[in-house]
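Using the hints provided, position chain B relative to the given structure of chain A.
The lines below spell out each chain.
Number of protein chains: 2
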Amino acid sequence: MPPAESAPAYITALDVLDVRFPTSESLDGSDAMNPEPDYSAAYVVLRTDDADGHQGHALAFTTGRGNDVQANAIDALAPYVVGRSVQEVCADLGGFARSLVHDPQLRWLGPEKGVMHMAIGAVINAAWDLAAKRVGKPVWRLLGEMAPEELVGQVDFRWLSDALTPQEALEILRKAEPGRPERIARLLERGYPAYTTTPGWLGYSDEKLTRLAREAVAEGFTQIKLKVGASIEDDVRRMRAAREAVGPHIRIAVDANQRWDIQVAIDWMRQLAPYDPYWIEEPTSPDDILGHAAVRKGVSPIKVATGEHVANRVVFKQLLQAGAIDIAQIDSARVGGVNENIAILLLAAKFGVPVCPHAGGVGLCEMVQHLAMFDYVAVCGTLEDRVIEYVDHLHEHFVDPVRIRNGHYLAPTMPGLSAQMHAKSLDDFTYPDGPIWASRTSPPAAVSIERRRVVVVEGF
Amino acid sequence: MPPAESAPAYITALDVLDVRFPTSESLDGSDAMNPEPDYSAAYVVLRTDDADGHQGHALAFTTGRGNDVQANAIDALAPYVVGRSVQEVCADLGGFARSLVHDPQLRWLGPEKGVMHMAIGAVINAAWDLAAKRVGKPVWRLLGEMAPEELVGQVDFRWLSDALTPQEALEILRKAEPGRPERIARLLERGYPAYTTTPGWLGYSDEKLTRLAREAVAEGFTQIKLKVGASIEDDVRRMRAAREAVGPHIRIAVDANQRWDIQVAIDWMRQLAPYDPYWIEEPTSPDDILGHAAVRKGVSPIKVATGEHVANRVVFKQLLQAGAIDIAQIDSARVGGVNENIAILLLAAKFGVPVCPHAGGVGLCEMVQHLAMFDYVAVCGTLEDRVIEYVDHLHEHFVDPVRIRNGHYLAPTMPGLSAQMHAKSLDDFTYPDGPIWASRTSPPAAVSIERRRVVVVEGF
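Chains A and B, in that order, give the protein sequences.
Under this note's numbering, think of the first position of the first sequence as 32, with each following residue one higher.
Under this note's numbering, think of the first position of the second sequence as 32, with each following residue one higher.
For reference, chain A alone in the conformation it holds in the complex (with noise of 0.2 Å):
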């Protein structure tokens, strides 16, 4: 391959941005634990001295107060990866993101979660781009066309062996091979299965939900998913106006975003039975395994899914051997970067449950469609009762924007994971002091949600 034979190069600087777009003024983004979210990336680029001049882009995202602090854990990377060999990174991918999570001392923080394990997963995610760039091709398709002894080599197979091994992980990989080139080039041509989240936020009105809802439909999707959780009057109402918006054909799941305690989450959605919902998502505590089981066999037939807070291959180890999800929505910035969802997409194809990707925020639908189509043309190998989450926000600030086209994800064609900002959307949304956030005279400070007295005092 070209980058193993060009001139030594090495990273040169890690360079770690806070940005922010400030979504709470329209209520986009709002449900039931998130009233108000600031959408927010802590971005990250990787430099080098190679003379092809690649970069590579990646970020953590976050809804506003404490992206300075997933950018700091960011910043404190940089002795990790600044003076690596680009081309030693680049060729064992595994190797570089176990360095990073293994760390004796940074592993306290976590082990493997929260604040310092998505940046981990950012600095990888952002080495897959400058990896995919520098051989030509979007990270699905460099991860597509992967040996799979290479791909069993990106996977941290700590504490996976009671779920998974190397060689069982080899064998699903292996049986998806022949298939390959018929899934890309069905990829290239048609795409992959996306639904909407736009219209359900729960801070629209019902005749934005029925409107929007009407649209998605029009537009090609055959599903679309509501927020629920804060009000149980208003959530059968809604779920009934949309039900009758988009007729018994189309899909609808709904999101509690954490919001209830186990036995709430089954009458809950009990109640809202009779609008036929298809799936559950985040009932209760992301961390809850035997929770989750206990609402999906309280619900049933309704199906659950869960992911977007699970904070690692563990947890996700766990959810499967319960029995205790239906769906598992891998998302592309919560975890250890693209190594540690290579892990999940293959826990969830030995247990046999679809992947259907959390995505919306900032850049997580850009960058978790490659791990999608990945996902669909060398590890499960099927499209069925697949989706991929789509918002509508925030794409124009991406080099290399999501394309839905009818209902699907066009296959990125751009080298890397499509991760790229702008940088004029950089430097508008930098936080405080792009030219977005300093005309803003209140910025989002520190609000308690008691409404205590809070004063926000100079210096901090």
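Where hints are given, some of them may not hold.
Under the rule of at most 27 Å between Cα atoms (straight-line distance), these lysine-lysine pairs were calculated in the DSSO-like manner [claimed, not checked]:
(1) B:K381 <-> B:K328
(2) B:K168 <-> B:K455
(3) B:K381 <-> B:K206
(4) A:K168 <-> A:K455
(5) B:K381 <-> A:K328
(6) A:K328 <-> A:K381
(7) A:K328 <-> B:K328
(8) B:K206 <-> B:K239
(9) B:K328 <-> A:K381
Covered stretches of chain A, going by a simulated chain B footprint (3 or more residues, C-beta under 8 Å) [stated by the list, open to error]:
(10) 200 to 207
(11) 215 to 226
Because the hints were derived from the structure by calculation, they are not lab data.
Backbone N, C-alpha and C fix where the C-beta goes; we use that ideal spot for every residue, glycine too.
For chain B alone, coordinates are given in the frame of chain A:
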């Protein structure tokens, strides 16, 4: 109570310090996953304008690199606390804790796990330190003398109701209420049983191990702990040597610090079984509830213990529901402060599982003794099979250090949470500018565990 009648006072500042101890130089604290820790504290001070002059001190513990990330996360909480009424915060610490934990934007960074959750825990603990100083009591006694209803008000029951309701919590506390005065008297007289990890660090020679083990027995300890998990041959030899040194009646716990997969844990422990290990601690991932349940089944009658890396009450809940642990090891600085630990103590009491706190590090012994003593006084009501970990490092830096007599923690009598460090220690060990670090030519910057070429670039 006096504070309620004092003149209105406000929290005026939240100070954060990055304090690190170069413990890696002596291999104190070395284990199978932490070969070279530099025990560190992201140290927090809540300052007020009250005439009483009290401040709230607490810390989040880390093992070196990343302590800056942890400190940054605490700093990001300043706008949430600065300007609040001291009287209101101290009168409703449960509400204060929930206002931090439930912030709808910050929670994306967890939820309730990792860096952000530990930061919140440190601030909550600092508020408890402040509140206890204001009423002139050590925290264990402040808690141990609170009405059951007020204790229930400290707990965030979200996601717990399938295992513990507020009413059940109240019943547990009421049942223990009559014996409180006797138990307080007993604590003041004899203290709380301890076990010691000092002999068993992985980096110690067999000679040092057996010498320290004999010394521990001579000092009155009835339980010691050995780190295991790097080499089965070494562990068998060390376990045999320790058993020969202490005789058959001293309990020897072993601690793998998450090193193993499930079957490895079971096989390894079967090889140590002839030397009668009392518990196996952290056999695998702290997130692996089902894995711990499988290990427990596989190694019985050896007990299974975990908790120092258990991210929150929801994971503890499941470890108890699944029958995955024999011993719950709370940590004072991992979860959402005193409040979440009250929830965990109540859960453990509900399931009849003894709590044997994790300690060591920096200040963890100082803080967690308050929780264990409160547990004895007002929750579980017994000392049977209860021990607090003791490690004899770094106590000299604390204003109110733990006092060990005849293998027991003596009950603290100074007001507060005992987390306050001497000003000189804070100055000396501040990283990277304190004199201890400034004099070191090679501060412990990032080193890849794979020993790849890493260059630390000026400016990071």
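Hints, verified against the model:
1. B:K381 <-> B:K328: 21 Å, holds
2. B:K168 <-> B:K455: Judged against 27 Å, a Cα distance of about 25 Å means the pair holds.
3. B:K381 <-> B:K206: Holds. B:K381 to B:K206 sits at ~12 Å (cutoff 27 Å).
4. A:K168 <-> A:K455: 25 Å, holds
5. B:K381 <-> A:K328: Cα-Cα ~25 Å, so holds.
6. A:K328 <-> A:K381: 21 Å, holds
7. A:K328 <-> B:K328: With a Cα-Cα distance of about 25 Å, the restraint between A:K328 and B:K328 holds, given a limit of 27 Å.
8. B:K206 <-> B:K239: 46 Å, violated
9. B:K328 <-> A:K381: Cα-Cα ~25 Å, so holds.
10. 200 to 207: violated (count 0)
11. 215 to 226: violated (count 0)
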